[in-house]
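Student: These are the residues of each chain, in order.
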Amino acid sequence: MPSAPALDISGIEKRFGEQRALAGVGFQVPQSGIFGLLGPNGAGKTTLLRILNGITAPDAGSISFFGEPLTRAHLPSIGYLPEERGLYKSMRVGEQALYFAQLRGLDKKEARERLRYWFDRLEVDGWWHKEVSEVSKGMAQKIQFILSVLHEPRLLILDEPLSGFDPINAQRIREVILELKAKGDTTILLSTHDMGSVEEMCDEVALLNRGQLVLNGKVPELREAARDGRYAVTFRDTVMAFTVALGASAELIEVNPNPEVPGEHLAMLRLPVESDIATWVRWISEQVELTSCTPWRPGMRDIFIRAVEHQKQPVA
Amino acid sequence: MNKLALIIYREWITRVRRRAFIIGTLMVPVLLGLGVGLGAWLENAEMEENKVLVVDLSGMITFWDDTRQAYLPICPECFPEREQLEYRFADAALSDDEFLLSDFTSMVLLDDAILQHGQAKNLYEKSPSITAQNAIERDLAAAIERFKVKEELSLDYEVYKRLKTKVSLVGEDIITKDGNATGRSIIGFVFSLFMFMQIMVYGMHVMRGVIEEKANRIVEVIISVVRPMELLAGKIIGIGLVGVTQVIALTVLGFLVFQVGGQALEVSGVLTSASNEAVELDFETWMASNDLLGFVLEVNWPLMVVCALAYFAAGFFIYAALFAAIGSAVEQESDAQYLMLPAMLPLFAAYITAVMAIQNPEGQVAVIGSFVPLTAPILMLIRLPLGVAWWELMLSLLGVLATAYGFVLVSARIFRTGILMHGKKITVRELFRWVRHD
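Residue numbers (my numbering), protein chains in the order written: chain A, 353 to 668; chain B, 124 to 561.
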C-alpha cells in the first residue's frame, strides 16, 4: 500500500477582504523529497505557507498531513523558515536558540546537545554568548536555519532559504538540505525564485499564479513535457556548409562556435513535430560532420515564465 | 516548561537583568533621598546674605541702649540669630543715597500705621528672596504682637501666651476609628502616582515589545509555534511581572531604608519625647508619637500592598492589552502616537482626579472614579488608606478584572491580524473590522 503523501492540499480558498489570495488550490506533496512551491510575487505562496503553519486559517478546503487532517497538534512536527525572518536583538544567540528550541517542544538538555551539533556544523559555535545585535546578517541567517531544522521536523518549510547568504554559505546550506533529503526522514517544501536551486534540488514542483495552481508535477517530466522540438547539435564544419545542408529540414534558431572545442560549432534548431530524429541525424551526417545531437529541454526558468505569461485570465 | 511559561520567562528575564532596570530600581530610594536633601539644601541656599535695617519711627519695638550706643529690640527673642539674616535698628530712615552706600540689603519702615493695616514698607536695591521676606515678616509680626499685648491689653506676654488658645481638629472615622485622613490620603496618592507610572511605563514596554517582534519579523516564527493569544498573554504577564518585581524590590528597599534609617536615628539619640527632651525613644515609639508621621504606622500596609498588586495586575492588563493592540497595528513607534492619545486619556483623567482627591479623598468624583474600571486602579488606591468597605473593594476589583478580560479578548483579535500586516496604514475603522471578524 503506497504511503500517504506528506501533504494533501485540496481546494484551499482564502480571501482578504475583496482580494482572493488562494482560489481552490490543491496538490500533493509526496513524502521524503524536496517539493518546490513556485510562483511570482503575490501568487499566494506565503498565504499557503502560513495556512500550513497554522498562522492563518483557510476559508475553505482541507489539508492532510501524512494521512491525518492537519491540526495544531501537528505543528511541532513542522519546521518553518519564513522569508521575512528575524531574531530578538537584545538576547544572546545561545539563549535565543534554546528559547525557540523549547518553544518547538524540545527539552532544554536535548536542545542544548542538538544545538551544539548544529552550531559546530554550520560554524557558529563561537557565537553562543554573543548578543544577536553583534552578529552579521549571514550568521543570523544560519542561526534561523538551525532553529527550523533543530527539532527534526517531518515537514520542513523553507521560504527562500538561500537569500542573504554569500555563495560559500549558500552552498553549505544547500548541502545540508540535500543531506536531509538523502536521510529520508524529512519532507522539504521549498519556496524559492531561484530556478537553479529548483532544478538542482527539487523532485516535484507546484506553480501558483494569482492564487491558482497553474502547473504541478515532477521536474524532469515537466521539462520533458515542455519540449518544443528543439535540439542542441554540435558539428565540425563551416556555418555556411551547415546552413546549406539543413535547407528546409529544420529551423536554425542559433549557431555559435563551441568555446570548449576549437573548430566545432554549437547550434540550436527546431525540427518539425512529425520528423523522426534518427532518420534526420543519418541524413544530415552524410552532408556535415555532426558530433552530437541532444533533445533540448527547457529549464524551469523558461517553464515558469511561459506558464505565468500564458495564464492571463483574471481571477474572480 | 510549557510555552506560555517560556514566553513569560523570556519577557521577564530579558528585562529584569538589564542594567537600566537594576540601576533604575536601586536609584529610586537614592533619588528620593537626594530629592529631599536637595530640597532642604535649596531652601537654605536660596537665602543670600541679608542685612536689614528696621526703622522704628514710632518706637514700638525698639529702645535706645546707652551702654551699647545703639537701638536694640525690646524683644530680642523675636529677632533670633540666623545665618543669612542680620538686623540693625534705628529711629530714623536713611536717605536713598545713604542707603545705597550702606551695606544694608533692605530697609523696613515701621510706623503707627502698621497697627491699623498691618503693612510696612520695605526698601531695597535688590529684592530679597521669598524665604528671607517670610522670615522678616514673621519676626516683625512677633515683635509687634508683643507691643500690642503690652500697650493695648496691658498684659504680661507670658499671661497672654497662656490665654492664647489653639484648636486643631483630630479626625476619626466613626466606623473604622481611624484618624489622620489627610496624611493617609497622601499615602494613597503616592500609591496612585506610583501605579500611574508603573502602568504607563510597562504598558509602553508591551507596545514596544510587540512593535519589535513585528518589525523584526520574529513574530511569524513564534506564531507558527504558539497561538497569538498565548503570545499576547505571555507578553503581558511577563512584562507585568517586571513591574511586580520592581514593586517588590522597592518595598524591600523601602523597608530596609526605614529600618536602617530608624536604627541610625535611634543610635544618634535625636529621637526624643516631645514632652521631655531628656527621654530618648525607639524609632517606632517616636514615629507613633510624632504628629506628622504617626499616621504612617496607622496605615494597613499589608492590605495596601496586596490591593496595589491586585489593582496593578488588573489595571495593567487593561492598558497593556490596549497598548499591545496599538503596537500590532503599526509599523513603528512614531506611527502609534495618534492611537495612543485616546488610549491614555482615562489614565490621565484618573491621575488628575487623584491629584484633586488628596484634599477630599471621599469626594464624589474620587468615589465614582474608584468604580469605573479604567480609572479604578488609580483612584481606589487613594481611598484605600482611609478605609473602604470590603464590598466596595470587591465590586471595584471585579469590575476591573472583567474589563481586563474583555480588553484582552478584543486586543487579541486586533493583535492576531495586525502583527502579520505590513506596509499598510491601519485606520481605526479597520481595527473595528478586525475585532468583528472572527
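Derived by calculation from the structure, the hints in this document are not laboratory data. Take the hints with a grain of salt, since some may be wrong.
[Unchecked claim] Straight-line Cα separation of at most 25 Å, BS3-like style, residue types lysine-lysine; simulated pairs:
#1 A:K461 to B:K126
#2 A:K489 to A:K535
#3 A:K441 to B:K289
[Unchecked claim] If you want the ones that stay clear, here's a sample from chain B, every Cβ over 10 Å from chain A, calculated:
#4 M183
#5 Y280
#6 W514
[Claimed, not checked] Take a look, some chain B residues computed to stay more than 12 Å from chain A by CB distance:
#7 N125
#8 Y132
#9 I136
#10 S181
#11 N257
#12 C430
#13 A466
#14 L543
Even for Gly, the Cβ is constructed at its ideal location relative to N, Cα and C.
Student: Now tell me, hint by hint, if it's right for this structure.
Tutor: Now the hints, each set against the structure:
For the suggested pair A:K461 and B:K126, the alpha carbons sit about 16 Å apart, so the restraint of at most 25 Å is met. A hinted pair counts as satisfied when its Cα atoms are at most 25 Å apart, and A:K489 with A:K535 does not qualify at roughly 29 Å. A distance of roughly 66 Å separates the Cα atoms of A:K441 and B:K289; the hinted pair therefore is violated under the 25 Å criterion. Residue placement check: B:M183 keeps its beta carbon more than 10 Å from all beta carbons of chain A (closest about 73 Å).
Against chain A, the non-interface label of B:Y280 holds: every CB pair exceeds 10 Å, the least being about 71 Å. With 10 Å as the threshold on Cβ separation, the claim that B:W514 sits away from chain A holds: the shortest Cβ distance comes to roughly 43 Å. Look at B:N125: its CB is around 10 Å from the nearest CB on chain A, not clear of 12 Å, so calling it non-interface is violated. Listed as outside the interface, B:Y132 is inconsistent with that label: its C-beta sits roughly 9 Å from the nearest C-beta of chain A, within the 12 Å cut-off.
Not every CB of chain A is more than 12 Å from the CB of B:I136 (nearest about 9 Å), against its label as outside the interface. With a least beta-carbon separation of about 76 Å from chain A, B:S181 lies farther than 12 Å from that chain, consistent with its non-interface assignment. Against the 12 Å criterion, B:N257 stays outside the reach of chain A, whose nearest CB is about 52 Å from its own CB. Distance to chain A confirms B:C430 as a non-interface residue, since its nearest Cβ pair spans about 34 Å, more than 12 Å.
The Cβ of B:A466 lies farther than 12 Å from every Cβ of chain A, with a closest approach of about 25 Å, so its non-interface assignment holds. At roughly 7 Å, the least C-beta separation between B:L543 and chain A is not larger than 12 Å, which violates its mark as non-interface.
Figure legend: structure checked against the earlier numbered hints; hints not met, in rising order: 2, 3, 7, 8, 9, 14.
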